[in-house]
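Enquirer: From first to last, the protein sequence lines stand for chains A and B.
Counted from 1, the first sequence has number 393 at position 393 by the working numbering; the numbering is strictly sequential.
Counted from 1, the second sequence has number 153 at position 153 by the working numbering; the numbering is strictly sequential.
Don't read these hints as lab results, they were simulated from the structure.
Among these hints, one or two may not hold up.
Stated by the list, open to error - Partner residues are not named here, just some residues of chain A that face chain B (Cβ under 8 Å, in silico):
id: 1; residue: Ile21
id: 2; residue: Arg25
id: 3; residue: Glu29
id: 4; residue: Arg186
id: 5; residue: Gln228
To be verified - Far from chain A, some chain B residues (derived; all Cβ distances over 12 Å):
id: 6; residue: Arg32
id: 7; residue: Leu34
id: 8; residue: Gln35
id: 9; residue: Gly39
id: 10; residue: Asp56
id: 11; residue: Asp60
id: 12; residue: Lys90
id: 13; residue: Arg109
id: 14; residue: Arg119
id: 15; residue: Gly122
id: 16; residue: Gln144
id: 17; residue: Ala145
id: 18; residue: Arg152
id: 19; residue: Lys201
id: 20; residue: Thr216
id: 21; residue: Gly241
Values in this document were obtained by computation on a predicted structure and should not be read as measured data.
The C-beta atom is built at its ideal place from N, Cα and C for all residues, glycine as well.
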Amino acid sequence: MADDLINSFMNGPDEMGRFGIFGGRFVSETLMPLILRLEDEYQRAKTDPAFWDEMNHLWTHYVGRPSPLYFAERLTQHLGGAKIYLKRDELNHTGAHKINNVLGQIILARRMGKTRIIAETGAGQHGVATATVCAKFGLKCVVYMGAHDVRRQAPNVFRMRLLGAEVIAVTSGRGTLKDAMNDALRDWVTNVHDTFYCIGTVAGPHPYPAMVRDFQSIIGREAKEQMQEAEGRLPDTIIAAIGGGSNAMGLFHPFLDDESVRIIGVEAGGRGVNEKMEHCASLTGGRPGVLHGNRTYLLQDDDGQILEGHSISAGLDYPGIGPEHSWLHEVGRAEYVSITDTEALEAFQLCCATEGIIPALEPSHALGHVMKIAGDLPADHLICMNMCGRGDKDIFTVAKHLGFDMSDTEGR
Amino acid sequence: MTRIDRKFAELDAAGRKAFVAYVMAGDPDYDRSLQIVRGLPGAGVDIIELGLPFTDPMADGPTIQLAGQRALKAGQTLQRTLDLAAEFRKRDDTTPIVLMGYYNPIYNRGVDRFLADARDAGIDGLIVVDLPPEEDDELCIPAQAAGLNFIRLATPTTDDRRLPRVLQNTSGFVYYVSITGITGAGEANAAAVAPEVARIKARTDLPVIVGFGINTPDKSRAIAAIADGAVVGSAIVSRIGAGASTAEVLEFVRGLAEGAHSA
Numbered sequence: 001m002a003d004d005l006i007n008s009f010m011n012g013p014d015e016m017g018r019f020g021i022f023g024g025r026f027v028s029e030t031l032m033p034l035i036l037r038l039e040d041e042y043q044r045a046k047t048d049p050a051f052w053d054e055m056n057h058l059w060t061h062y063v064g065r066p067s068p069l070y071f072a073e074r075l076t077q078h079l080g081g082a083k084i085y086l087k088r089d090e091l092n093h094t095g096a097h098k099i100n101n102v103l104g105q106i107i108l109a110r111r112m113g114k115t116r117i118i119a120e121t122g123a124g125q126h127g128v129a130t131a132t133v134c135a136k137f138g139l140k141c142v143v144y145m146g147a148h149d150v151r152r153q154a155p156n157v158f159r160m161r162l163l164g165a166e167v168i169a170v171t172s173g174r175g176t177l178k179d180a181m182n183d184a185l186r187d188w189v190t191n192v193h194d195t196f197y198c199i200g201t202v203a204g205p206h207p208y209p210a211m212v213r214d215f216q217s218i219i220g221r222e223a224k225e226q227m228q229e230a231e232g233r234l235p236d237t238i239i240a241a242i243g244g245g246s247n248a249m250g251l252f253h254p255f256l257d258d259e260s261v262r263i264i265g266v267e268a269g270g271r272g273v274n275e276k277m278e279h280c281a282s283l284t285g286g287r288p289g290v291l292h293g294n295r296t297y298l299l300q301d302d303d304g305q306i307l308e309g310h311s312i313s314a315g316l317d318y319p320g321i322g323p324e325h326s327w328l329h330e331v332g333r334a335e336y337v338s339i340t341d342t343e344a345l346e347a348f349q350l351c352c353a354t355e356g357i358i359p360a361l362e363p364s365h366a367l368g369h370v371m372k373i374a375g376d377l378p379a380d381h382l383i384c385m386n387m388c389g390r391g392d393k394d395i396f397t398v399a400k401h402l403g404f405d406m407s408d409t410e411g412r
Numbered sequence: 001m002t003r004i005d006r007k008f009a010e011l012d013a014a015g016r017k018a019f020v021a022y023v024m025a026g027d028p029d030y031d032r033s034l035q036i037v038r039g040l041p042g043a044g045v046d047i048i049e050l051g052l053p054f055t056d057p058m059a060d061g062p063t064i065q066l067a068g069q070r071a072l073k074a075g076q077t078l079q080r081t082l083d084l085a086a087e088f089r090k091r092d093d094t095t096p097i098v099l100m101g102y103y104n105p106i107y108n109r110g111v112d113r114f115l116a117d118a119r120d121a122g123i124d125g126l127i128v129v130d131l132p133p134e135e136d137d138e139l140c141i142p143a144q145a146a147g148l149n150f151i152r153l154a155t156p157t158t159d160d161r162r163l164p165r166v167l168q169n170t171s172g173f174v175y176y177v178s179i180t181g182i183t184g185a186g187e188a189n190a191a192a193v194a195p196e197v198a199r200i201k202a203r204t205d206l207p208v209i210v211g212f213g214i215n216t217p218d219k220s221r222a223i224a225a226i227a228d229g230a231v232v233g234s235a236i237v238s239r240i241g242a243g244a245s246t247a248e249v250l251e252f253v254r255g256l257a258e259g260a261h262s263a
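With the rest of the complex left out, here is chain B (with noise of 0.2 Å):
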């Protein structure tokens, strides 16, 4: 049992859906985001998605483009990334963080020891949006066999003949993105989600979050109520690039929280 195994019993027992808040490693430099970061847990935060800066994001929109743009330039890598989340992983040792990035610094730095030093720094799941079902062999099989939740995205394009596959070897939740485009991008829709999420979970066990297209409490609430839980990234992504203060971000990060949790 991961640490994201135990959260979501916990929410299950408590009958409360989960808010799950993404964040870039290292934006806008690493003393900030680790302040951030920590705050997250203590802002209604139940999961932290952190961003593994890589200069092609192919499936983001500009705002998380910028914030890997910041994050590297003041000298974000992979190794500092797993630093910062053991550096939270000292006074946090509940809250699951999930990493969520592109496959190229992975490989660069071998899966073994990748997946070694990841579970060291205390990451408990893996989101790498290039890498689909047809290479699960790449990481997928390995992160599972480290003890690492593999969580699988979804799309309005992953048909009935095909969700068996994506679910097959996803675990700790499923990420369920609710337009086809890339982040920051569209609003996401209840009505139109609902039926994909019943979809989904007529075939699965595990939670499904739902993400994309969420960006005010409101919104938070109305798809947090017709799934396991919602995500937001690049609406509080956006506060950090325009230069808001921690507590300012982390007050933008309680009241979608709220929405969330009031569903």
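Bound-form chain A, shown alone (with noise of 0.2 Å):
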């Protein structure tokens, strides 16, 4: 009997959006048709050849797709042991892995019949992403950020409003990604007749999590594809920063059933995962619980009560962690571990040195990892790490790290 067990990690989610006790859809009665309906709608576009032939064209054209798959040679070398690829997506149009999945939303939403686009943004590249399809398109675009992400992320903010959209600044809660989400789940509430919530990440109620991880697992099977046509096989390890958890989600699952490729996601770990929560690490200091739509591992008190993390990088604060990744962690799939702000900032400085590429500190901390394990491993180890997104947002941030005063520099 058990030599009939299909045994694969890539059936979930469940037709209740679970994938084993994480996802579900734990939304106000307000947003349940509509959830259901882009439920229908999504199952309906994602057998319609005709969704994935404009999804295709503009992945091509718009977006610069497919992102090269690179062999980092010279942090290869300084490293001293495996053999260290990046996976370009940061060559995206607009910087950042976070378009591959708002294209796809935004065409659904047109398919939907909806004049009006909500998204929630932390470091600003969700929100830049889906400003930019929404010009493209010429639909109506509101930008939920937090106010303290606001001023962290200034250059992020002003290509919003150049792109058209409206940003609004929210200073409920600590102002950070987790009360943005709160306020365009309000905006949504209250306009759901014409509005479609754009989500940035793989969480939410179902079918968020899903879709958007088919949206980014565009990356995972370019970097299949590319892999075999430099290497002639699998990577043996693949790595990916984790905040919500849609550019790590898009590269792990083409490889969930493909055993041999080691699987890690890193998390933000702040000023070190400790008890006093310094961090965005949900899954090494986090436990189980509900909030914004979904089941998974989070942040929060004895009494449940959500807590603020802290990490350098504005895309990693998030208290959260999408429900895929919960589930993966429970069962032993993937690998979770997390990387120091001051780790972060030594891999940022690493990278710019070695390769001539300015990371954004989100895969830095996927490249504080890879700095930690690559010297240990042969050199035959082949090690494929998403280079999700581009710096320039993060040198403001960054400067300021290292003690650099850049007010001179400004045009004045």
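Grab the two chains, each in its own frame, and use the hints to assemble them into the complex.
Expert: Now the structure itself:
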């Protein structure tokens, strides 16, 4: 009987939107009918060749896919071990992986006749991607961004405004990504009739975690094919940074059933995964709970109140994680580790100096873990790391941490 | 039969509409909150909706958000909310208490333990905003089995196809949300709400109470007239937030209750 069991990690979620016990549809009744309609619409689109033709056309001509798989030769030499490849999703239009998913959701929104798009954003990359695609299609765009993030990611705020989006600074809570998501949900519940909520990560109520993963899986599919071309085989280890976890899920998913591939997700360790919760490592420092429409690992106190994490990276500053990651963690298919602010800053600088690539602070966390493990691995060990965003948006934050005064170089 | 069922039978016999008041447990602090809650029945409140503070109240507007933050800052927890209800019950064994909040603090405690504790504290019903019928196995079914009412929200987006599912495991009463939106925003329009209430009543024998967007005695009366009762939350909570005395808060509540009762 056991012989008949098909053992796959790629079949989730079930019809309840669950990955094991994680996921689900924990939303208010006002949103429920809309979420069911979205699920129907997505099911139809998924099997409609016209939908994928449009996606593929835009991925190629608007986003610039496929993104290269690049052998980081000097970084490899410097670390003196495993052979390191970077999946260059920072070369996408708008500078991060976020647009892969936004295109899919906006095309869906158009199919559903929605005319107003809302989004939440942390680092601003998802907000910029959403504003960009809305500009391209002439749709009204409203982006919710925590007030704290508005300050630390000013260049992206300006970009969004240039692209015609209205950026709303969220002051509730501590003013980061979690609070932006709360306010986006409040907007949605108020404007259900004409509004589509374009969620930026593999979280939220079903079908978002599965849908966003499917759109981001282009990363893993390309990487698999490109690694085959470059090395004639699968990578040995794949690594990606995790806030909500969309770039990681996109890279991981096509490899889930390839047993030989070690899968590592890197959470934001902030100032250290400690009792003061000065981190955003939901899997290493949290426990299961229900927030933003899904059950998943969350940073919370003894009373079930959600805690504010800390990360130098606005994009990782979220107390939860996509439900599929929680499941992969519990079933042991993927490993989850954390990298501190300081380690990420070191990786950031190393990448600039050895490869001429200014990475975003988010993938700098993934790179921080590559730095930790690469040296101890043999030279024929292939690592594929997702370079999911470029660091232009972060130079002010990094300058501040490195004690470099940019005020004199500002245009006055 | 729960206290909620008994209350509606009593109101029905008297030909009166229900007035339901919402306050956040522990706002502005435990003692003041208990004082206010204890005063509500005397001010004409038929059913008390006791808010369970949560850091991320996604269906609430700024007024209730701030109330939750005040309560949490003053040290309110799920346990202290149950304590407050139990303390109220010592002197009042008839006024129903409905606990209203979000799922995570309950899930965090463990559903079975929570239900036993809630019943012991004298809670009669639950409204959990982020548990739609699709997630009934989580809390709704176990709550009914434990003898607590599970009160569901029906909304303007709940169409006829979906309504039976929403009503299926609902007990106590149905809470109709008068607007698509968050608490404390918009204005309930009795003329627009009336056909919706009729639509729901055609499919259930449960009382239908209307909330969201009701903030004056006149509106309380107008809404109660076309339903089985009215709920007011943000308008009361905003006065507590503005520093009104317990007497002032209760005086305002009395006006709203008289509005509903004159319908």
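Enquirer: Please list, smallest to largest, the hint numbers that this structure does not respect.
Expert: Of the numbered hints given earlier, those the structure breaks are 1, 5, 10, 11, 13, 18, listed in rising order.
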